[in-house]
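Engineer: Chains W and V are the protein sequences, given in the same order. In terms of our numbering, the first sequence opens at residue 1 and continues consecutively. In terms of our numbering, the second sequence opens at residue 1 and continues consecutively.
Keep in mind that the hints were calculated from the coordinates and are not lab data. Check each hint, because a few of them may be wrong.
[What the hints assert, rightly or not] Chain W is faced by these chain V residues, among others (derived, beta-carbon under 8 Å):
1. L196
2. K198
3. T233
4. P236
5. N248
6. V250
7. E252
8. I255
9. S257
Glycine included, every Cβ here is placed at the ideal spot set by N, Cα and C.
Next come the chains, spelled out residue by residue.
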Amino acid sequence: MSEIPSAEASVARADLAVLLEKVTKTFGKHEAVKELSLNVPRGSIYGFIGPNGSGKTTTIRMILHIFHPDSGEVEVLGNQSTRSANDRIGYLPEERGLYRKQKVNRVLQYFGALKGMSRRDANASINHWLERMGLSEWAHKKVEALSKGMAQKIQFVSAVMADPELIILDEPFSGLDPVNLKVIRDAILDLRQQGRTIIFSTHDMSMAERMCDSIFMIYKGRKVLDGSMHEIQSAHGEDRYRLGAEGSLDFVREIDGVSDAKEINGHMELKYVGESQKLLRAVMDKTPVTHFEVAKPSLHDIFVRIARPTTEEAAHGKN
Amino acid sequence: MEKTKRVAIAEYSNAVRSKVFILSVLMAPALMALSVGIQFFAEKKVDTSPRKFAVVDRSGKIYPALEAAAKAQNEAVKNPGKDKLANFVGPKAPFIPSTHQDQEDEEKLILELSNQVRKKKLFAFLIIGKDVMETDGEGDRGIRYYSQTPSYFALPNWIDRTVNGVIRNQRFKAEGLDTRRIAKLNRRVGVDQLGLAKRSKTGKVQKAKKDNKFVNFLVPVFSMMVMFMIVMTSAPMLMNTVLEEKMNKVSEVLISSVSPFQLMFGKLVGCVLVALTLSLLYIGGIAGVMTFFGVLELLPWSLIVWFFVYQILALFIFGSMFLAIGSACNEIRDAQSLMMPAMILGMVPMFAVTALIRAPHSPFSQAMSLIPPFTPTLMIMRLAAAPGPATWELVLGFVLTTAFMFFCVWAAARIFRIGILAQGQSPTIAKLISWLWSK
Numbered sequence: 001m002s003e004i005p006s007a008e009a010s011v012a013r014a015d016l017a018v019l020l021e022k023v024t025k026t027f028g029k030h031e032a033v034k035e036l037s038l039n040v041p042r043g044s045i046y047g048f049i050g051p052n053g054s055g056k057t058t059t060i061r062m063i064l065h066i067f068h069p070d071s072g073e074v075e076v077l078g079n080q081s082t083r084s085a086n087d088r089i090g091y092l093p094e095e096r097g098l099y100r101k102q103k104v105n106r107v108l109q110y111f112g113a114l115k116g117m118s119r120r121d122a123n124a125s126i127n128h129w130l131e132r133m134g135l136s137e138w139a140h141k142k143v144e145a146l147s148k149g150m151a152q153k154i155q156f157v158s159a160v161m162a163d164p165e166l167i168i169l170d171e172p173f174s175g176l177d178p179v180n181l182k183v184i185r186d187a188i189l190d191l192r193q194q195g196r197t198i199i200f201s202t203h204d205m206s207m208a209e210r211m212c213d214s215i216f217m218i219y220k221g222r223k224v225l226d227g228s229m230h231e232i233q234s235a236h237g238e239d240r241y242r243l244g245a246e247g248s249l250d251f252v253r254e255i256d257g258v259s260d261a262k263e264i265n266g267h268m269e270l271k272y273v274g275e276s277q278k279l280l281r282a283v284m285d286k287t288p289v290t291h292f293e294v295a296k297p298s299l300h301d302i303f304v305r306i307a308r309p310t311t312e313e314a315a316h317g318k319n
Numbered sequence: 001m002e003k004t005k006r007v008a009i010a011e012y013s014n015a016v017r018s019k020v021f022i023l024s025v026l027m028a029p030a031l032m033a034l035s036v037g038i039q040f041f042a043e044k045k046v047d048t049s050p051r052k053f054a055v056v057d058r059s060g061k062i063y064p065a066l067e068a069a070a071k072a073q074n075e076a077v078k079n080p081g082k083d084k085l086a087n088f089v090g091p092k093a094p095f096i097p098s099t100h101q102d103q104e105d106e107e108k109l110i111l112e113l114s115n116q117v118r119k120k121k122l123f124a125f126l127i128i129g130k131d132v133m134e135t136d137g138e139g140d141r142g143i144r145y146y147s148q149t150p151s152y153f154a155l156p157n158w159i160d161r162t163v164n165g166v167i168r169n170q171r172f173k174a175e176g177l178d179t180r181r182i183a184k185l186n187r188r189v190g191v192d193q194l195g196l197a198k199r200s201k202t203g204k205v206q207k208a209k210k211d212n213k214f215v216n217f218l219v220p221v222f223s224m225m226v227m228f229m230i231v232m233t234s235a236p237m238l239m240n241t242v243l244e245e246k247m248n249k250v251s252e253v254l255i256s257s258v259s260p261f262q263l264m265f266g267k268l269v270g271c272v273l274v275a276l277t278l279s280l281l282y283i284g285g286i287a288g289v290m291t292f293f294g295v296l297e298l299l300p301w302s303l304i305v306w307f308f309v310y311q312i313l314a315l316f317i318f319g320s321m322f323l324a325i326g327s328a329c330n331e332i333r334d335a336q337s338l339m340m341p342a343m344i345l346g347m348v349p350m351f352a353v354t355a356l357i358r359a360p361h362s363p364f365s366q367a368m369s370l371i372p373p374f375t376p377t378l379m380i381m382r383l384a385a386a387p388g389p390a391t392w393e394l395v396l397g398f399v400l401t402t403a404f405m406f407f408c409v410w411a412a413a414r415i416f417r418i419g420i421l422a423q424g425q426s427p428t429i430a431k432l433i434s435w436l437w438s439k
């Protein structure tokens, strides 16, 4: 496995919203998180990715001090291992939870009160966010009357209404239609503009690529990716090329240094060890080239490459 | 503390605004009022119709006296005295006797009078034996009362008392005895049940007070029942709210804002406040009813103070148990099987009530009332039964129950912090115990 890029050393401790230092958490015999170190700079959007059961939610719960690590250090907004920072954290859990029989504004008032908000501040914030989400007229309706998308937006409001410094969103986009997805995405980007730190976990790799300043991937309890998209692609981008030509490209397979050549959508994708100019020249000698690209792997490709079951696991799964 | 307060306020506010609370507040007094109201209605409206009854006096010596006694009784019904309780329970209907000609064919006579009762011309009829005045021999000495309404006791009881009084007087007269003098000599001497005299702090002797059956029996049983009812309706509601939050996935949102202990303790305090509100409303209602009947002085105020103290302890004890169970379960079915031991623990005092009410100061009663989960219910019953438990028992019971309450809250908090986020397989008692010591 290639070296994990990380910005840990480059950011001063005071500028970190979250600092995890060699954190380990076990449940019985299962080691959910193993010696995890992570630095989330203030004012950034940090994406948490990883397959189901890889340790994302456990990590998030340790950041929230819902779980205490067996070993290691957790520092959130400058506070170590206490819940004192929790009023400055907004949290949207993966499994949404609202009081179905209560009215929307009453539920939000309660969540606001638990974050230490006064009734007046809570009401002002509720009105602002409901208007922004297009749900003002639903304030006095019972939660059970809301559609799934509306309930999700209300849950998002509950996470951000107390104006937290750190916002943790576990799968904020799951189950949303494109219109509502855009509403939430724009709200997240605005919050980042206002200096808030946002951590969100997602299975939508393209969304993570587009929105996140940094991405962290956890797999089987261990950190396998951590850094900006550029850093990750640089570290995981093998020397792959994408070629297009007027004639057949079958001859390319015969060029020295070429391997793993595949035809995809009329283009030839291949791995080449050597100088790119040399490869280009060798192809141009045989046929006119219409497309030549040094291809960087998408986050999806990297994710699949890391999280793909090993031959042994696949065989076990088949059995 | 602030967060606990906010959770408690929210719990209290949600509970007292819920339909269940409003129903439970209204239900008990409504049922009581309905019951009293129906009795009033029945007594005033239904039972006031005259009770006409025919008398076949074969002795020829009873009827005139019976008729005179009926007149006196009817006058008393028309002009009741000031004793509201006696008026409430006493008969209201006038008794109207009429003499009926005897016939040789007794079967025919009884059938004819029975038909009159069926046709509502009569309420009942009475056949007084020919030899009713005789004291010896095997003659016709009986008094038979026939009616279609055997559950109405007022008339046959009155006839029994009156006819026997007439017979006794006539027998005395026949023997040449002065009935007035005999009545004097026969005057019943009542036994007054009294408490004990005591010397006050000023040195003055306080006279022993008359025992009151209302205080001696009804108050202990009623106090115990109210305590049991309030605790066993409030505490399981906590389990339901926690379970509902878990099932609706609200728990994780809450736990991200407050610690599990703040959440649990806030809920407990909210529950205690709801139960106290309910108790205050009930006791206020009882005081109102007692004022109506003019017996407010019988309300034992010191008992009420103890009632609230023990109720708070009981609610913390059982509330903790039910909260722990609710937090550990994922489904109502799991919770129902786990709550059984806690329910049984709460019901044990009810099983022992008969033994305790008969001998509230026996070693068994003392021992039972000092076992912490039973103390609130049983001690309140013993406190209500004069002269009440000894001071050392009260102190020991209070200390043990308070210590047990702290243990329950601690244990529930240990279970709650793990259970509230636990998913998957159904919990067992053994698993809950193991959570007490897990990190």
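Engineer: Would you mind marking each hint as holding or not holding in the structure?
Structural biologist: Hint-by-hint comparison with the structure:
| no. | hint | verdict |
| --- | --- | --- |
| 1 | L196 | 56 Å, violated |
| 2 | K198 | 54 Å, violated |
| 3 | T233 | 20 Å, violated |
| 4 | P236 | 18 Å, violated |
| 5 | N248 | 5 Å, holds |
| 6 | V250 | 4 Å, holds |
| 7 | E252 | 4 Å, holds |
| 8 | I255 | 5 Å, holds |
| 9 | S257 | 4 Å, holds |
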